[in-house]
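Number of protein chains: 2
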Amino acid sequence: MSPHWFTEQHEASGSSIGYRISEKLADEQTPFQHIEIYATTDWGNLMVIDGCTMLTTRDNFLYHEMMTHPALYTHPAPRNVVIIGGGDCGTLREVLRHPEVESVAQIDIDERVTRLAEKYFPELCESNADPRAKLLFDDGIKYMAEAQSDSLDLVIVDSTDPVGPAEGLFNAKFYASCFRALRKGGILVQQSESPLVLLDLIQSMQQAMRGVGFSTTRTLPFPQPCYPTGWWSTTLASKGGALDGFREKDASAKPFATRYYNAAIHRAALAQPEFMREALG
Amino acid sequence: MSPHWFTEQHEASGSSIGYRISEKLADEQTPFQHIEIYATTDWGNLMVIDGCTMLTTRDNFLYHEMMTHPALYTHPAPRNVVIIGGGDCGTLREVLRHPEVESVAQIDIDERVTRLAEKYFPELCESNADPRAKLLFDDGIKYMAEAQSDSLDLVIVDSTDPVGPAEGLFNAKFYASCFRALRKGGILVQQSESPLVLLDLIQSMQQAMRGVGFSTTRTLPFPQPCYPTGWWSTTLASKGGALDGFREKDASAKPFATRYYNAAIHRAALAQPEFMREALG
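From first to last, the protein sequence lines are chains A and B. According to this note's numbering, the first sequence holds residues 1 to 281 in order. According to this note's numbering, the second sequence holds residues 1 to 281 in order.
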């Protein structure tokens with residue numbers, strides 16, 4: 001087979017990112033979305049949902065480490081964690097690296113994402129059998145609306161873009177559910193797109209989060225080659241705690257290996273580029 | 001005209017980046033290279049050389065600010081600067097923002113890059129008439145080989161990739177010329193590609209720089225959406241000075257506007273992701 005390319009043309013930014021592929025490994029229409037898996041020549045396997053690149057074997061460590069470790073090393077004692085979305089299980093794996101975590105529930109609406117990840121991204125699923133982990137396939141909005149009050153330390157929203165199935169994860173009603181379910185000092189973490197292209201979205205997310213009661217919000221940028229513009233961000237909102245510091249000593253002595261995150265990178269991610277500082281204050 | 005796309009397929013990484021374009025504005029074969037300029041729908045104008053994206057109106061601020069301000073705020077008193085390459089004049093403009101700079105010579109081999117930049121990226125050329133600036137169109141390798149010893153504070157190598165015309169800018173012989181021409185405490189700055197893809201190149205650059213006498217080297221990563229993987233780096237080498245600190249007070253009180261760089265971002269760029277720390281020490 002001659003090599004060819006998978007390319008995602010991102011309408012909102014008028015830019016595209018593509019990968020040279022060697023073969024298509026899976027193609028499924030689930031009740032929720034269209035999932036494709038490709039083998040690439042240089043990036044390992046590639047998962048695409050509804051035409052949008054979700055992850056590659058080679059660069060997902062950036063996203064998964066930055067969606068988890070900054071929040072886990074900011075919270076003083078994260079014990080109970082919920083992941084909304086995250087069906088590839090990479091975020092779950094990173095959360096479970098923290099020995100103080102006692103329970104993690106992952107709620108993804110589409111079981112097929114997890115089943116395909118188990119097959120094509122097995123390294124991300126290596127902790128799925130951890131007794132602290134519970135994998136549910138259900139509606140995350142409903143799950144958070146029904147979650148017990150003051151029962152969680154972290155809610156991590158690891159979703160697709162704020163259009164389509166994930167739209168309901170980017171609004172005040174959902175944030176209010178998360179706020180209610182979090183204990184004092186709890187942190188909501190949400191992927192927040194490209195700071196270069198969607199600064200408006202980040203602004204309105206931060207405003208909506210503060211509007212439902214979160215005392216502080218902070219957006220941490222990081223490189224993510226496979227997402228539009230190659231530059232991504234995670235937004236944290238704290239229920240009464242601070243987000244400008246973290247447990248630096250613990251992060252410096254982390255009992256597990258990472259490829260991007262370390263204490264210096266955590267401090268670095270708290271720095272705001274000039275245009276973000278001006279827009280977000 | 002129906003919108004279409006310009007796409008650069010980057011062989012070395014098996015990935016591509018593209019832009020939705022509305023028209024082609026220029027197409028020239030010079031004695032040195034093939035230059036194209038496109039108007040894009042979302043990124044302003046786009047310059048392409050030999051099929052490789054050089055810059056867009058929208059995101060060049062990241063590259064130009066990070067190729068200049070970290071070095072200029074690290075050197076205690078940068079007065080005499082040479083830019084090798086840099087024909088679009090964006091690096092020149094940023095250097096000239098520093099009032100303590102007394103002279104900047106820009107040596108690009110291809111005058112047509114500058115003439116096209118004057119027409120299609122006029123904002124980058126707005127300081128070309130500064131009396132401190134001298135624009136030369138000549139061979140940068142020869143220029144540095146013939147430069148007076150101990151005469152410069154900064155040499156900034158703002159070149160294309162280390163294949164083709166710019167190949168001679170990435171080796172020990174060229175670094176030795178730069179070392180000789182720099183005063184004590186002087187800094188060599190070179191664009192050093194994607195840390196994710198070309199970490200080997202960064203390692204060998206750092207080794208070659210230290211091999212010719214530079215006492216310290218440091219690679220600073222930064223986001224750059226239009227270059228392969230959207231993540232780029234600049235490597236600094238110091239002739240006897242340190243690179244882990246900088247004039248933070250001066251950077252915090254910088255007398256000019258930026259869009260990415262500030263003192264916090266400078267500190268952040270000194271943080272090494274775990275995989276870079278392991279590879280580069």
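Warning: the hint list may mix true and false statements.
Taking CB as the label site, the calculated pair distances span [as the list claims (entries may be wrong)]:
| no. | chain 1 | residue 1 | chain 2 | residue 2 | range |
| --- | --- | --- | --- | --- | --- |
| 1 | A | 167 | B | 257 | 32 to 40 angstroms |
| 2 | B | 244 | A | 171 | 37 to 45 angstroms |
| 3 | B | 275 | A | 27 | 53 to 61 angstroms |
| 4 | B | 26 | A | 256 | 47 to 55 angstroms |
| 5 | B | 242 | A | 255 | 28 to 36 angstroms |
| 6 | B | 171 | A | 136 | 39 to 47 angstroms |
Coverage of chain B stretches by chain A, computed from C-beta distances (three or more under 8 angstroms per stretch; other residues unrestricted) [stated by the list, open to error]:
| no. | region |
| --- | --- |
| 7 | 73-85 |
| 8 | 218-230 |
Don't read these hints as lab results, they were simulated from the structure. Backbone N, C-alpha and C fix where the C-beta goes; we use that ideal spot for every residue, glycine too.
Hints, verified against the model:
no.	hint	result
1	A:167 x B:257: 32 to 40 angstroms	36 angstroms, holds
2	B:244 x A:171: 37 to 45 angstroms	44 angstroms, holds
3	B:275 x A:27: 53 to 61 angstroms	32 angstroms, violated
4	B:26 x A:256: 47 to 55 angstroms	52 angstroms, holds
5	B:242 x A:255: 28 to 36 angstroms	32 angstroms, holds
6	B:171 x A:136: 39 to 47 angstroms	57 angstroms, violated
7	73-85	violated (count 0)
8	218-230	holds (count 6)
Hint compliance for this structure: hints 3, 6, 7 are not met, and every other hint is.
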